[in-house]
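Visitor: Going down the list, the protein sequences come from chains A and B.
So that you can map any letter, position 185 of the first sequence is 185 in this note's numbering, and since no number is skipped, the others follow by simple counting.
So that you can map any letter, position 84 of the second sequence is 1084 in this note's numbering, and since no number is skipped, the others follow by simple counting.
Do not rely on the hints blindly, as some may be mistaken.
What the hints assert, rightly or not - Under the rule of at most 20 angstroms between Cα atoms (straight-line distance), these lysine to any residue pairs were calculated in the SDA-like manner: (1) A:K182 x A:K104; (2) A:K228 x B:T1027; (3) A:K228 x B:R1032; (4) A:K104 x A:L51; (5) A:K184 x A:K161; (6) A:K161 x B:A1100; (7) A:K161 x B:T1027; (8) A:K228 x A:G183.
Quick caveat, the hints were computed from the structure, so don't treat them as lab data.
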Amino acid sequence: MPLTFPSHLLQSPAVRVGLSISVATGLYGVSFGALSVTSGLDFWQTMALSLLLFSGGSQFAFIGVIAGGGSGLAAMGAATLLGMRNGIYGMQLNVLLHPKGWRKYAAAQLTIDESTATSTGQSDPVEQQRGFWTAGLGIFILWNLFTAVGALAGSALGDPKQWGLDGAAVAAFLALLWPRLKGKEPVAIAVVCALATVLAVPFVPAGVPILVAAAVAALFGWFSHGPKDEGLEPDIDPYDERRQHGSHPGSGSSAGDAV
Amino acid sequence: MSLWMWLLLSCLFAYAWKLVGYLVPATLLKNRRTSRIAGTMTIGLLASLTVVNAAASGQALLADARLGALAAAALALLFRAPFLVVVLAGAGTAALLRLAGWN
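Okay, chain A solo, but in the shape it has when bound (with noise of 0.2 angstroms):
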């Protein structure tokens, strides 16, 4: 793992974004780690997220709807249909890396937004592969043990509304739907599917209301011709950094701006 890396890996620029995005995205499971546990699941409900579901959004999901008062059955429904884009990730994935036998099975288990922006952010394959493996993995790792830290942290604190944390799932909601918005259209769909859960809230039990949201999208997706990748960016772009000053994948800077 990172530690035992060769030196000449360190010198590869998907490892070193890779490297960069791990750290970055594995911090915030320390919000995630003490949502969770004051959404009213238990350590190891939390951690079997964070190990078994592997996929940020999701997880936000699934304990955004229980905290709500919402049902297992639609947190599972909300948690499923964001799950959605893993696979359009996974085939993505699968033409840029081939993974065989095993590693097929565990490529898949690390396939999210950040490990597929970095390694379709390379343009040379063996970089495509260190990109996703090494974000991929260092996710994997820092990802839970901050989850862990976060659901430790949380069960100490007393009354969470005292310390704003459904305030803070407000915000993390906010900031992984932030990236996504970019340009009128999305930006439309944002705003039809808040309309529509708005006007769902009396009338259905909690939860469902952001299933009503998902059929529009879909609806939208089915019938509207935008671009094929509007709404699949990464909740941290690896790349952000690079492409604001204009230059291109795989030049080796730091996503700094990210971390």
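The hints should help you fit chain B onto chain A, whose structure is shown.
Guide: Below, chain B alone, put in the same frame as chain A:
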């Protein structure tokens, strides 16, 4: 069913989505509509989760300290703050508003 059952099923379905991408033929990747729906649903679900967590309490809509957290988070994001800073801004604002007496 217990929460554990729904949770483990969610984990199973999440892995199924991920794995299916590696097992289906690459030609499906060319299906624009699949990608579009995955993307628009991601936007719609996150927008909806934001609203529910900011303004819903069961089947009621409430204006409380969480709306302040929403505004603080938006401000932090406008200034390109990193994820954890945004989350802390939301928590801090909600906590302070409650201290000031706005629930």
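Visitor: The structure should be examined with respect to each hint, and the outcome stated for every one.
Guide: Structure-based check of all given hints:
1. A:K182 x A:K104: Roughly 32 angstroms separates the two Cα atoms, so the pair is violated.
2. A:K228 x B:T1027: 15 angstroms, holds
3. A:K228 x B:R1032: Judged against 20 angstroms, a Cα distance of about 6 angstroms means the pair holds.
4. A:K104 x A:L51: Within the cut-off at roughly 18 angstroms; holds.
5. A:K184 x A:K161: 35 angstroms, violated
6. A:K161 x B:A1100: Holds: K161 of chain A and A1100 of chain B sit about 14 angstroms apart, inside 20 angstroms.
7. A:K161 x B:T1027: 49 angstroms, violated
8. A:K228 x A:G183: 14 angstroms, holds
Of the numbered hints given earlier, the model fails hints 1, 5, 7; all others are met.
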